[in-house]
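Trainee: Read top to bottom, the protein sequences are chains A and B.
Counting in this note's numbering, the first sequence runs from 251 upward without gaps.
Counting in this note's numbering, the second sequence runs from 251 upward without gaps.
Rather than coming from a laboratory, the hints here were simulated on the basis of the structure.
Be careful, since some hints might not be right.
A pair counts as met if it fits within one copy or between any two copies, since identical chains are not told apart.
[As the list claims (entries may be wrong)] Here are the simulated lysine to any residue pairs, SDA-like style, with alpha carbons at most 20 Å apart:
(1) K404 to D269
(2) K364 to K388
(3) K364 to L617
(4) K793 to A289
(5) K460 to H301
(6) K375 to D253
(7) K540 to K560
(8) K779 to E632
(9) K713 to L702
(10) K388 to E613
(11) K793 to G299
(12) K254 to N273
(13) K793 to E783
(14) K364 to E613
(15) K364 to E615
(16) K540 to I485
Protein chains: 2
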Amino acid sequence: MADKIYRVNMTTLTTTVEDVPENLQGHGGRGLTSNIVAAEVEPTCHPLGSHNKLVIAPGLLSGTTAANSGRISCGAKSPLTGTIKESNAGGTAAAMLAKLGCKAIIIEGMPSTKDNWYNLVLNDKGITINEETELVGKGNFAIVETVASRLGEKFGVISIGQAGEMKMASANISIKDPDSHLRSCGRGGLGAVMGSKQIKFIALAPTDNKVAIADPEAFTAANRVFTKALVDNPISQALGQYGTNVLVNIINEAGGLPTRNFTSGQFDGHEEISGETMHDTIVEREGKPKHNCHKGCVIQCSQIYNDMNKKYKTSGFEYESIWAMGADCCVDNLDHIAEADSMMDDMGIDSIETSVAMGVAMEAEVLEFGDGAEFCRILKDEVLAGTGLGRIIGSGAGSVGRAYGVTRVPVVKNQAIPAYDPRAIKGIGITYATSTQGADHTMGYTIATNILGVGGTVDPLSKEGQVELSRNLQIATAAIDSTGMCLFIAFAALDDATCLPALVDMLNARFGIGLTADDVTALGISILKTEHEFNLAAGFTNKDDRLPEFFSEEPIAPHNVIWDFTDEELDTFWDF
Amino acid sequence: MADKIYRVNMTTLTTTVEDVPENLQGHGGRGLTSNIVAAEVEPTCHPLGSHNKLVIAPGLLSGTTAANSGRISCGAKSPLTGTIKESNAGGTAAAMLAKLGCKAIIIEGMPSTKDNWYNLVLNDKGITINEETELVGKGNFAIVETVASRLGEKFGVISIGQAGEMKMASANISIKDPDSHLRSCGRGGLGAVMGSKQIKFIALAPTDNKVAIADPEAFTAANRVFTKALVDNPISQALGQYGTNVLVNIINEAGGLPTRNFTSGQFDGHEEISGETMHDTIVEREGKPKHNCHKGCVIQCSQIYNDMNKKYKTSGFEYESIWAMGADCCVDNLDHIAEADSMMDDMGIDSIETSVAMGVAMEAEVLEFGDGAEFCRILKDEVLAGTGLGRIIGSGAGSVGRAYGVTRVPVVKNQAIPAYDPRAIKGIGITYATSTQGADHTMGYTIATNILGVGGTVDPLSKEGQVELSRNLQIATAAIDSTGMCLFIAFAALDDATCLPALVDMLNARFGIGLTADDVTALGISILKTEHEFNLAAGFTNKDDRLPEFFSEEPIAPHNVIWDFTDEELDTFWDF
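Next up, chain A with everything else stripped away, as it sits in the complex:
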């Protein structure tokens, strides 16, 4: 049976099941969400109004046995950036949607009154809209627990916490993982879009269906090669051992760890929050240093972090979150950071955006740099409670800057710049500036080549080659984000000649087609251009492809470098 698109109209509270149009059949994940959003959403519409649509799609290889193919994409016009947006995460949902024969869920319209909340349940028979009362006002942990007891442990869950209900511009869409913990589609406030549709969660029924594979033998063979490339890769191995947080010491050493609201590139407390310290703490407290966020992941960069009493505190404890609360806010206490991480998962709010927002609030003297306890109190008593201050923080770093008249506000297209300073690691600055989605390291992760020596070497402190590097990575990433693959396959893909051909072979074996590597590049280019055109139609211009002026004026220690790309150089990015 061919995959279907499930369309949910929240104005009429009706659903339809549609065949996948010819032009979308070759798309999955980000390529699918971006193409549907570009085709169906008026670019100038209000992101929280009835004309925006939330599109949820598994990747092209999701649901298969392909290693690391469990990413799910959510797409819409972003309430944070105003651009097109795709945010993806692990968890169980991608594989479950694929096995249920769901190419994408499109949620459109919005209820005519604010009185009622709803949930969606997707199973073999179709999708239903149901009124939800019990879980309104509840966090993601309660949703996962309640859905398990209401429908069954094995149901998948896609949900929003209180932040999404409050339509905060940094709200996540959260995805249940195999251990009933959470992964987050964190960037761009897509949880607020789901909140505007008044949908608290989507439950996915388990099924015995299998995803059809056109050439199972070829698929298995290719997957074997692909998996070996992943597990043999030294960066994959480091990610497995220390998690993404292995980067704290590496980026600090490179002088590119944004510290104290982007006023230094090194953090005195880096050892206290490093991946190595975290690993030892986890082991000592009998947590799990290695953990997979979705079935079939062979890298296992997630982990279970326990508190001092050896009780579960958080999982998926990422470098980005730890950097943001740690170096950027000068909190050198992993337990405070874990506490905040857990709270943010539960209320469903982006740990990057929210923590960078706190850093700006610290600069505004709302709280003091380094005060992890107050950071946690504000999350609980202000953000979760929806107070004025909580709303300012929950609306992101740009919002804090505007509310308090701060000029050192690290955002591009109103989205917080993540954990790599663009002055000291210039390639990532190109990605921040030009990405179709606002500042986002995952859109073109030049750290690989600028710092980790993957895919060649490009000096992070020189301007040379950075535009090309970012462009090539942004194109490749758009394609990878369409497959359902985790972005961390990129390390092997860049350094192991067998990896990418094996991925293409899997796509061909899955669908019975004959893609080449060039076709995959063409797919990436086409996705980027579709996204860029949406943004132009929404009113964005090259003036939006810029870093904030302070990066060009304030040298950052230890290299004492500024951001020195000209506007003309930045504008060459789109010359392709």
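Use these hints to put chain B onto chain A, whose structure you have.
Mentor: Chain B in isolation, oriented as in the chain A frame:
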């Protein structure tokens, strides 16, 4: 002695006196501020950073005996809209600056630390920068009083209250009037720009100097004709009797009085807040129904409004403020409105932006529609105190919408739409959408022709002729805003054939030149285009020349009309 430009550099804390360059000599008021901002300010700069400049200029006729020539213009890149911005007001400053031989003050740079505040004193000898401690944290009333006791009653004052110190995006620049009350350059948050320069006030010394007139006899003759045209005009007379608030009943009758956050065009409580009721209350409480905000005003639309104990409460009690707190927030109690008006004057915050923001907050259920006491409490305990909620409100209506996820947010280019619903009075919608400065009725006051029958008749409910009407008025307004004239001369100018020629004659007699009416039109066109080009260079596009989508979707009572201009029709505005 030829007029000079006084340049104040707040980075180096130095001042220079400069000759007026040839190309700026024919400019005054808005034409001068906009040309200087366009020439000297990087359009993409942060409005609260060191690259923005605050320009303060009297009009071309300010300081002369010309009737109604006492408007002062402040210009900069706006922190509220991101566009170029000019905001003008009455008071004593324009005439004083002109008599001191000051063509403009340009304030640039910013102090390197946040520790110190400053004041500027301009007198016959030049301009000085002085450290200010006593008045930091104080409101405008205290500043006016303190400057009087410190320097003398007759000093002029240009100041910011606490809102400007907090760099709130709705902060005013306040101007002392002849009775030591206040007038406000209210729109666009220019007070925040002054706050970013850490200047609390500018004091202007009285002088016996007179403005040079090239042909005094011709000037006096022209002024006599001009003045007669003003005083004979029936709308001038109505403005004198009831103030601008004469409009409440007129606009309510027309069905264009935005009510309950723009969900109706008529307000049940209109009688309670009308100009007629206000007039009777003022008389009963021994206030002044007529009052001039600057010397030489023959219209006298200002008034002194006393409280129940016949003690002074507020002055310059405008229709826009009364509508915004009244109909838009459903507060039908003039005393609550007067109390709020006085507080907003003192803290120095735009009464339109702030009140429309409160209306959006009411929709978000932060407070209830109609609760004037809570409105006042929030102003005092939240906005003035700089709490989270206060910062949200103080950042304007768009800010409230973003913080609370409200979609019915009446702003264009992030500036609140004022007191005329664009669905029921379509010409003003063209002005809101296309103005170079965000939604602003004063930029092209089509109400004159749509409602008041001045300058012909254009049916407010029909699309026909509205673009041309708005364009012609926007061009004329840009020119009038350069003369130092109050915009209310427009009623006479549109209906009395002697008025405009007399104004041109005064300009010619003042400078010994030979302008024609066509030259004045050309001046207006050139100003608009200069402003528009600045905005395009700042990243604005035609997508920003739009009204919020709810206007196209929600019919408004009593006419049940929507905003029905197409994008293409709106874009024809700039075809000139």
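Trainee: Look at each hint and say if it fits the structure.
Mentor: Consistency of the hints with the structure:
no.	hint	in the structure
1	K404 to D269	neither (27 Å within a copy, 79 Å between copies)
2	K364 to K388	within (17 Å within a copy, 42 Å between copies)
3	K364 to L617	between (34 Å within a copy, 17 Å between copies)
4	K793 to A289	between (25 Å within a copy, 18 Å between copies)
5	K460 to H301	neither (35 Å within a copy, 61 Å between copies)
6	K375 to D253	within (13 Å within a copy, 82 Å between copies)
7	K540 to K560	within (16 Å within a copy, 76 Å between copies)
8	K779 to E632	neither (40 Å within a copy, 45 Å between copies)
9	K713 to L702	within (17 Å within a copy, 61 Å between copies)
10	K388 to E613	neither (32 Å within a copy, 23 Å between copies)
11	K793 to G299	between (26 Å within a copy, 17 Å between copies)
12	K254 to N273	within (14 Å within a copy, 66 Å between copies)
13	K793 to E783	both (15 Å within a copy, 14 Å between copies)
14	K364 to E613	between (37 Å within a copy, 12 Å between copies)
15	K364 to E615	between (36 Å within a copy, 12 Å between copies)
16	K540 to I485	within (14 Å within a copy, 78 Å between copies)
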